[in-house]
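**Q** Below, each chain spelled out in residue letters.
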Amino acid sequence: MGLEYVKISPGFEKYMPKDYVDLVKYGQFGRQIDVQQIDQIKELVEEHPMCAGCYMAYFVRIFYASLPKPEDTIVLGTAGCARLALSQAAVPFIYGNYGDTNAVASGLKRALNIRFPDKVKDVVVMAGDGGLMDIGFGMTMHSWFRRENFTTIMVDNEVYGNTGGQESGMSPKGVQLKMAPKGKKFDKINAVELAKIAGCVYVAKLAPTNPKRIAKTIKRAILAAREIGPTFIHIYTSCNIEYSIPTERVLADAKEREKNDFGFYEWMTDEAKQYIEEQEKKMAETKA
Amino acid sequence: MYYVADVKESECAKYNCKQCVLFCPEPNTLMYNSEKHVAWVNYSRCKGCAVCVYVCSDLLKRNCIEMVMMTTGD
Numbered sequence: 000m001g002l003e004y005v006k007i008s009p010g011f012e013k014y015m016p017k018d019y020v021d022l023v024k025y026g027q028f029g030r031q032i033d034v035q036q037i038d039q040i041k042e043l044v045e046e047h048p049m050c051a052g053c054y055m056a057y058f059v060r061i062f063y064a065s066l067p068k069p070e071d072t073i074v075l076g077t078a079g080c081a082r083l084a085l086s087q088a089a090v091p092f093i094y095g096n097y098g099d100t101n102a103v104a105s106g107l108k109r110a111l112n113i114r115f116p117d118k119v120k121d122v123v124v125m126a127g128d129g130g131l132m133d134i135g136f137g138m139t140m141h142s143w144f145r146r147e148n149f150t151t152i153m154v155d156n157e158v159y160g161n162t163g164g165q166e167s168g169m170s171p172k173g174v175q176l177k178m179a180p181k182g183k184k185f186d187k188i189n190a191v192e193l194a195k196i197a198g199c200v201y202v203a204k205l206a207p208t209n210p211k212r213i214a215k216t217i218k219r220a221i222l223a224a225r226e227i228g229p230t231f232i233h234i235y236t237s238c239n240i241e242y243s244i245p246t247e248r249v250l251a252d253a254k255e256r257e258k259n260d261f262g263f264y265e266w267m268t269d270e271a272k273q274y275i276e277e278q279e280k281k282m283a284e285t286k287a
Numbered sequence: 000m001y002y003v004a005d006v007k008e009s010e011c012a013k014y015n016c017k018q019c020v021l022f023c024p025e026p027n028t029l030m031y032n033s034e035k036h037v038a039w040v041n042y043s044r045c046k047g048c049a050v051c052v053y054v055c056s057d058l059l060k061r062n063c064i065e066m067v068m069m070t071t072g073d
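Sequences listed follow chains A and B, in order.
Numbering that gives the first Met the number 0 applies: residue 0 is where the first sequence begins, and numbers increase by one.
Numbering that gives the first Met the number 0 applies: residue 0 is where the second sequence begins, and numbers increase by one.
Only chain A is shown next, with the shape it has when bound in the complex (with noise of 0.2 Å):
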């Protein structure tokens, strides 16, 4: 897209959809906020069908509202609970194949390089704990060590959510699920330790206990992959129905997690570390 194409033409105010004049006069197109300030813009994302107290949910709106240029985003997305309201946003989005969402993100990238060579479109990919490191798998690491300059973020809910409760190879060694109901043999991958081997230059990994934090961390993935390489967020985002997490307490089991497996851990190159500091300094300059 881009900012004049988000924006509506004089005299067509009145024939627009409510929600998206609010969008264009209240929203974030064109303009930094911060994560703190979500109660006074209308947010990109919309009303979407997952389900209540979906804590995945939560961190697609607060994704949306720590994208540093929103106008410029293309999100891609694949089988699985996220593109429920990936695809509810004012944001592009895009729906391969089950797995295949860094290979098309790898092109996309590369193809709006050339089409625009001095404007910074940023890429990001968001699937689940199954579109990228299991069917996606080959797809995702072949993108990491091609060093495509896009975010991956992946957000683990450690099943197969939508399709009945099937283990994944995220799920936790010895989680009894619907349909594994023997428990699972296996160790969780290890997604973090394999995304800095195959050449992500910052990673992260996280649970969505802290808003300011996700933003922070989110930006940081987003403008490192516009210059120095790839890079990868790990995000906890409980399922309580496959889970049975009782819907007011999935804040409560996130802090949980973050206590147990999921803290806070954030590792990037030397080169990407400058590059982040350096775009950080810019973005407050022009906030001051």
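Quick caveat, the hints were computed from the structure, so don't treat them as lab data.
Backbone N, C-alpha and C define an ideal beta-carbon position, used for all residues, glycine too.
There could be a bad hint or two in this list.
Unchecked claim - Taking lysine to any residue and the SDA-like style, the derived pairs with C-alpha atoms no more than 20 Å apart in a straight line are:
#1 A:Lys-211 - A:Asp-38
#2 A:Lys-258 - B:Asp-57
#3 A:Lys-17 - B:Ser-43
#4 B:Lys-35 - B:Val-20
#5 A:Lys-211 - B:Gln-18
#6 A:Lys-211 - A:Gln-278
#7 A:Lys-254 - B:Leu-58
#8 A:Lys-41 - B:Asn-27
#9 A:Lys-211 - B:Leu-59
#10 A:Lys-215 - A:Ile-196
#11 B:Lys-60 - A:Arg-248
#12 A:Lys-215 - A:His-141
#13 A:Lys-215 - A:Tyr-242
#14 A:Lys-41 - B:Tyr-31
#15 A:Lys-108 - A:Ile-93
#16 A:Lys-24 - B:Asn-32
#17 A:Lys-120 - A:Glu-70
#18 A:Lys-24 - B:Glu-8
#19 B:Lys-35 - A:Tyr-242
#20 A:Lys-211 - B:Leu-58
#21 A:Lys-254 - A:Tyr-242
#22 B:Lys-60 - B:Glu-8
#23 A:Lys-6 - A:Lys-24
#24 A:Lys-195 - A:Glu-265
#25 A:Lys-24 - B:Ser-33
#26 A:Lys-41 - B:Leu-58
#27 A:Lys-41 - B:Asp-57
#28 B:Lys-60 - A:Pro-180
As the list claims (entries may be wrong) - Which bits of chain B does chain A cover? Going by a derived footprint, with three or more residues having C-beta under 8 Å, they are:
#29 14-28
#30 39-51
Since chain A is already given, all that's left is putting chain B on it; use the hints.
**A** The following block gives chain B in isolation, referenced to the frame of chain A:
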């Protein structure tokens, strides 16, 4: 009948806090009125998960949000 969150305005106005807004999973559902310093719920969008009640009552001990049953048109 819908099960939705409802903010007790008189209680909520005592605090200048919008933690519930920051932890609601639904977009544009729990809103904040910065003039009155109160949070308010867009009932037609609320899915009734009660995460806001956990934030307000269990974490902050402020008890400003309760879950209520509502019929269409309320």
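**Q** Hints the structure violates: just list their numbers, smallest first.
**A** Of the numbered hints given earlier, those the structure breaks are 10, 12, 13, 18, 19, 26, 27 and 28, listed in rising order.
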